[in-house]
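2 protein chains.
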Amino acid sequence: MKGLLSVQGIKCGGIHCGIKKKNKDLAIIYSSVPCEWSGVWTKNRVKAASIIVNKKRLKDKVQAVVINSGIANSGTGLRGILDAKKMCKITASALNIPEFSVLCASTGKIGELLPMERIAKGIKRLAKKIDKGVSQDATSAIMTTDTKPKESEADLGDCKIAGIAKGAGMIAPNMATMLGFIVTDAQIERDVLRSMLKDVVNQTFNRITIDGDTSTNDMVVLLSNGLAGPPDLAKFKDGLFSVCADLARKIVEDAEGGTKIVRVVVSEAKSIKMAEKVASAVANSNLTKSALYGGSPPPGRILCACGYSGARINPKKIDIWLNQFLVVKDGAVIKFSESRVKSSLASSEIEIKIDLRRGKESVAFLTCDLSPEYVKINAE
Amino acid sequence: MKGLLSVQGIKCGGIHCGIKKKNKDLAIIYSSVPCEWSGVWTKNRVKAASIIVNKKRLKDKVQAVVINSGIANSGTGLRGILDAKKMCKITASALNIPEFSVLCASTGKIGELLPMERIAKGIKRLAKKIDKGVSQDATSAIMTTDTKPKESEADLGDCKIAGIAKGAGMIAPNMATMLGFIVTDAQIERDVLRSMLKDVVNQTFNRITIDGDTSTNDMVVLLSNGLAGPPDLAKFKDGLFSVCADLARKIVEDAEGGTKIVRVVVSEAKSIKMAEKVASAVANSNLTKSALYGGSPPPGRILCACGYSGARINPKKIDIWLNQFLVVKDGAVIKFSESRVKSSLASSEIEIKIDLRRGKESVAFLTCDLSPEYVKINAE
Chain A
71 MKGLLSVQGI KCGGIHCGIK KKNKDLAIIY SSVPCEWSGV WTKNRVKAAS
121 IIVNKKRLKD KVQAVVINSG IANSGTGLRG ILDAKKMCKI TASALNIPEF
171 SVLCASTGKI GELLPMERIA KGIKRLAKKI DKGVSQDATS AIMTTDTKPK
221 ESEADLGDCK IAGIAKGAGM IAPNMATMLG FIVTDAQIER DVLRSMLKDV
271 VNQTFNRITI DGDTSTNDMV VLLSNGLAGP PDLAKFKDGL FSVCADLARK
321 IVEDAEGGTK IVRVVVSEAK SIKMAEKVAS AVANSNLTKS ALYGGSPPPG
371 RILCACGYSG ARINPKKIDI WLNQFLVVKD GAVIKFSESR VKSSLASSEI
421 EIKIDLRRGK ESVAFLTCDL SPEYVKINAE
Chain B
71 MKGLLSVQGI KCGGIHCGIK KKNKDLAIIY SSVPCEWSGV WTKNRVKAAS
121 IIVNKKRLKD KVQAVVINSG IANSGTGLRG ILDAKKMCKI TASALNIPEF
171 SVLCASTGKI GELLPMERIA KGIKRLAKKI DKGVSQDATS AIMTTDTKPK
221 ESEADLGDCK IAGIAKGAGM IAPNMATMLG FIVTDAQIER DVLRSMLKDV
271 VNQTFNRITI DGDTSTNDMV VLLSNGLAGP PDLAKFKDGL FSVCADLARK
321 IVEDAEGGTK IVRVVVSEAK SIKMAEKVAS AVANSNLTKS ALYGGSPPPG
371 RILCACGYSG ARINPKKIDI WLNQFLVVKD GAVIKFSESR VKSSLASSEI
421 EIKIDLRRGK ESVAFLTCDL SPEYVKINAE
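As they're listed, the protein sequences go chains A and B. Per this note's numbering: the first sequence = residues 71 to 450. Per this note's numbering: the second sequence = residues 71 to 450.
The hints are simulated quantities; they were obtained by calculation from the structure and are not laboratory data. Glycine included, each C-beta is placed from N, C-alpha and C at the ideal position. Any given hint might turn out to be false.
Stated by the list, open to error - DSS-like, lysine-lysine: derived pairs with alpha carbons at most 30 Å apart:
1. A:113 / B:386
2. B:399 / A:159
3. A:412 / B:156
Stated by the list, open to error - Far from chain B, some chain A residues (derived; all Cβ distances over 12 Å):
4. 103
5. 113
6. 114
7. 171
8. 272
Construct the complete structure from the given sequences, taking the supplied hints into account.
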């Protein structure tokens, strides 16, 4: 896997600069030429400094992203914003590009200030050896509680797409920072890039989290340096979707304290929005997810979550399957073989399928179970 | 404590009829004369049979409530509704009162049918000895994962109010059935009773749960038999508030797997609704509650929850106190004595105070911390 380096003109790397005690904590992604770009940002009203700073670059072309892990630089007031700007400025000067062509991102503990001296030294050191950098170092350097680096690539023939991501606390998705950085050598206009990224993120990263409930630092950024020329747009969008879906899935697979992947499919909804409401309520039900951890079939808990989802469902028309077993028919829990369903729940991936019989729309959400380990991790 | 029996004309009792393996599981509350009454119901679109049946009694006077624990009779379709009606009918005939003057309630596992034969026998047995019943038996008979019975009384001089409640899974308040039964000998008109109960429940039971996210069985019922004549209404409302607040607090104190009480106070909000949104987001933040379990100060997590609460807060104006210590000022986490705050978090009751500096309204929510024990209880 060449990771981000599979894309023409892209260089990247990651080092330990001293924000964390050990492990890499500083990454740079660099393009040899300026990029059209697009970002999707947290909807949290409390925004980290990096979000505030990046949003001022919307009219500029971008040539580099600097990312630190360990400290989120959020809840840090004006000082935090000045520090984020400084990170960009130091990176720009080290790479010899304009200040406004650098984006920044942070992830880690909220409410602490960045150790700017160490970061400044780190950026200079990293920039010097960026030509020899490898993608895996960048991927490792953006990790926090992640246990595995997350990369994905797509070779579309006429162009390439590659991405890296971090994010592990999926059980409380609303609080876990999710970062994604995607690069391509396809040449795409800014407006097309924006609408495409928004669309794809809505169907991938946003279906592993709950609508609007995001951390203060969340962002997904897509850079297009155009070195491969204009692509087949439909094929490109499919490729972007597959990279984002792959990264999103890897985030869930690495969820804090999760032991199983849970796929929640809601079908025959009147609208996508209705399907999303139901899927997200079920995917976020602590009681359902505790039961799945314990291997007990929770048909009633799922039915209950459908009811409080806020969607205008008809309770008498809900059918629910656990894996291949029908457990709720016409809104009532039916008799099912407890032992067969239980043994199917022992697998590492579980599907909850909910049929609303109200229309033709469907969505799939990915989540995981809730284990005592989750609480232990977050109590520290 | 005479419990419900402190109110003139009220009789009650509880027995084991065989829904649970052991422990009491069937209760009756009876008034010697018909009562004006009011109820507050779950907002879940999937409603248990008991809710559907009770809502048909709105125009009738009520003289008894029959309650079972162990099985929620929810997600049980038409058969469930017929069973709930049957419970009322058998109770009516055993007490020699009209069928439409009996309310019913159930709590326990969703998706299972009631063992009607055992319940029928139980009701007859219980009705026969209702004259000698004690309040504590009724209170015990409505418990599920509760570890303590929950009762409260208020003697207002001109009348009395008494109530019992159950409900333990407060960490996922949206799924835990909450039942409350309150009786009074005050004589109050139906409309007054209704608006008063709604008001008081909104400020007590609904501030230990999230708005709209309720189980399929939740209800709070207030019966007024009038034997003490008309009360001082203002004093009565205060008394009702104190009984409901006391019961609500007892529910939180007995929360599944909770080890500490957490009081979330939001002040200087532009509206009550804004204050409620912020308080409920913080009170339901798994990350905040895991940190409190572990005894770590979570200023950033609290700030983040304020941001995704959906309330139109100004992030730059938020101040946050943990117990008496200021930890966030003007939306930024400030330096505080980690050791002093930590040692204050070791107490059994913690206060999070959030000042929004947007107006004059304030609310207080009660919740508890999130322990690994919670997941273990709900995995079974």
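Going down the list of hints, with the structure as the test:
{"no.": "1", "hint": "A:113 / B:386", "in the structure": "holds (16 Å)"}
{"no.": "2", "hint": "B:399 / A:159", "in the structure": "holds (28 Å)"}
{"no.": "3", "hint": "A:412 / B:156", "in the structure": "violated (33 Å)"}
{"no.": "4", "hint": "103", "in the structure": "holds (36 Å)"}
{"no.": "5", "hint": "113", "in the structure": "violated (7 Å)"}
{"no.": "6", "hint": "114", "in the structure": "violated (4 Å)"}
{"no.": "7", "hint": "171", "in the structure": "holds (28 Å)"}
{"no.": "8", "hint": "272", "in the structure": "holds (17 Å)"}
Of the hints listed earlier, those the structure fails to meet are numbers 3, 5, 6, in rising order.
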